[in-house]
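Everything in the sequence shown is counted per the numbering used here, starting at 474 for the first residue and increasing by one.
Just so you know, not all the hints are guaranteed correct.
Unchecked claim - Below, computed lysine-lysine pairings styled on DSS-like, alpha-carbon distance capped at 27 Å:
#1 LYS588 with LYS550
#2 LYS489 with LYS588
#3 LYS619 with LYS583
Said to hold, decoys possible - The following label-pair restraints were derived from C-beta to C-beta distances:
#4 ALA496 with ILE536: 16 to 26 Å
#5 MET513 with GLN646: 26 to 36 Å
#6 GLN664 with THR519: 46 to 56 Å
#7 ASP484 with ASN627: 16 to 26 Å
Calculated directly from the structure, the hints in this document are not laboratory data.
Source: prediction; values computed, not measured.
Every residue gets a Cβ at the ideal spot worked out from N, C-alpha and C, and that includes glycine.
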Amino acid sequence: MEKEPRGNLEDIAYRKIRSAILARTLQPGARLAEPVLARMTGMSRTPIRGALRRLAAEGLVGITPNQGAVVSAPSAKDIRDAYITREPLEALAARLAAENAEEAGILRLKEAAEKEVRTLRERNLSEYIEANNEFHLTVASMSGNKPLGSAIQNCLTLTNVCLAFFDPFYDVQVEESRSNWEHRLLIEALQARDPSWAEAAMRVHIRSSFAYLDIGKFEREMDAR
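With the sequences and hints as input, model every part of the structure.
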């Protein structure tokens with residue numbers, strides 16, 4: 474039997490560890506010992522290390538030299554700061570996107586919004602986060618401002634960690650999803666090429682997303698660890 478190429482093994486290890494984190498089997502602050510991960514994934518340490526580096530780049534894992542890796546555990550302040558920073562950045566991106574809107578970009582947004590509905594219905598948090606990223610980064614791309622897009626991507630990395638651990642994703646019904654409704658409202662604003670409406674819609678969405686999180690519960694859970 475042919476051996477799997479190293480790159481493929483790393484991909485498999487990455488997906489397995491990421492799935493365990495997003496399924497909340499591995500909790501914030503949990504130590505990610507390589508021998509334990511090797512048994513969990515059925516892999517050697519080499520692909521495990523590559524997978525951990527990729528997860529660290531996403532913000533889901535923290536790696537400290539000579540100490541190893543842990544599941545990321547951002548503070549409540551980190552999360553607040555990320556949302557406070559996201560609001561003006563993404564509001565500006567939405568305004569610029571409305572000024573520069575093209576049908577191709579709007580189509581990508583619609584596809585991302587549809588993927589959000591499907592993955593929420595399937596309770597697939599990993600793909601839901603990907604769809605949410607696709608939506609917000611598409612708006613950033615439509616702005617035509619690359620530095621702005623890079624700044625937004627950095628903020629999304631941190632808020633994705635919060636989505637992974639503390640969003641009530643598994644309890645929300647599709648019909649109750651405010652995020653998807655707000656995304657569709659933003660699409661309408663962009664289709665109308667209305668910069669003020671698009672900016673306002675994005676501000677409402679970012680504030681709503683932050684308000685939806687139970688930061689008090691987050692702080693209590695982190696203090697208990």
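Going through the hints against the structure:
Restraint check: the Cα-Cα separation between LYS588 and LYS550 comes to about 31 Å, which exceeds 27 Å; the hinted pair is violated. Proximity of LYS489 to LYS588 is assessed by CA-CA distance (about 22 Å); at most 27 Å being required, the pair is judged to hold. The hinted pair formed by LYS619 and LYS583 meets the criterion: a straight-line CA distance of about 22 Å does not exceed 27 Å. For the pair ALA496 and ILE536, the supplied restraint of 16 to 26 Å holds, since their beta-carbon distance comes to about 21 Å.
Here the CB-CB span from MET513 to GLN646 is close to 32 Å, well matched to the stated 26 to 36 Å. Against the hinted window of 46 to 56 Å, the Cβ-Cβ separation of GLN664 and THR519 comes to about 49 Å, which satisfies the hint. Our hint of 16 to 26 Å for ASP484 and ASN627 holds, since their Cβ atoms are close to 24 Å apart.
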